[in-house]
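2 protein chains.
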Amino acid sequence: MYVVIVYDVEQERVAKVCQYLRRFLHWVQNSVFEGEVTEAQLERIKQGLHKLVDEEYDSIYIYCLPHEKYLKKQVLGIEKAPIAQILD
Amino acid sequence: MYVVIVYDVEQERVAKVCQYLRRFLHWVQNSVFEGEVTEAQLERIKQGLHKLVDEEYDSIYIYCLPHEKYLKKQVLGIEKAPIAQILD
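Those protein sequences? They're chains A and B, same order as listed. UniProt numbering applies: residue 1 is where the first sequence begins, and numbers increase by one. UniProt numbering applies: residue 1 is where the second sequence begins, and numbers increase by one.
Warning: the hint list may mix true and false statements.
All copies of an identical chain are treated as equivalent in the list; a pair is satisfied when it fits inside any one copy or across any two copies.
Subject to a maximum C-alpha distance of 27 Å in a straight line, what follows is the list of computed BS3-like cross-link-like pairs (lysine-lysine) [as the list claims (entries may be wrong)]: (1) Lys46 / Lys80; (2) Lys69 / Lys16; (3) Lys69 / Lys51; (4) Lys51 / Lys73; (5) Lys73 / Lys46.
Keep in mind that the hints were calculated from the coordinates and are not lab data.
So here's chain A without its partners, still in its complex pose:
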């Protein structure tokens, strides 16, 4: 499946969450990651995030799609981290 993860966490945890998600997904923009994952990988990601964040203060949204083909992406302004370049 294809996921887009956006997070809004307290400043002191931003770097840890960012670093953690980089292991599984492509960094797109400030607080946004996306990529193709399996069900098992997504479970692992969620378990890791559970440990890293404070669920009373932080907020993480995981948007899951069955396939990337359902997603049309448009960018206004700069592409901070074009995925094509990461995959090169």
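On the provided structure of chain A, position chain B as indicated by the hints.
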């Protein structure tokens, strides 16, 4: 169609972009909006954003899906702005 818009803009333009997107979409989280829009509304949103942002520095990603049914959303931690409440 259903859209999720995430933005990473310079501090001086954050409030304007946020205020603008609130007119069309539901605020989800810091720098994230989502909602159902028509093609025409999306064009209007994009035109408005073109005027508000500096495309040499700012970055706005628009994820479009043909229908909300393709999107499964999971939240870890707090829901900063639960859409159900907004619609009530």
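When no copy is specified for Lys73 and Lys46, does a C-alpha distance of 27 Å or less occur within a copy, between copies, both, or neither?
both (24 Å within a copy, 13 Å between copies)
Since the copies are identical, ignore which copy is meant and state whether Lys69 and Lys51 lie within 27 Å (CA to CA) inside a copy, between copies, both or neither.
Neither way: Lys69 and Lys51 sit 32 Å apart in one copy and 30 Å across, limit 27 Å.
If the cut is 27 Å between Cα atoms, do Lys46 and Lys80 qualify within a copy, between copies, both or neither?
Classified as both: same-chain Cα gap 25 Å, cross-chain 18 Å, threshold 27 Å.
Given a CA cutoff of 27 Å, do Lys51 and Lys73 count as a within-copy pair, a between-copy pair, both, or neither?
between (31 Å within a copy, 20 Å between copies)
Check Lys69 against Lys16 for me: Cα-Cα at most 27 Å, and say if that holds within a copy, between copies, both or neither.
neither (30 Å within a copy, 32 Å between copies)
Hints 2 and 3, counting from the list given before, are not met by this structure.
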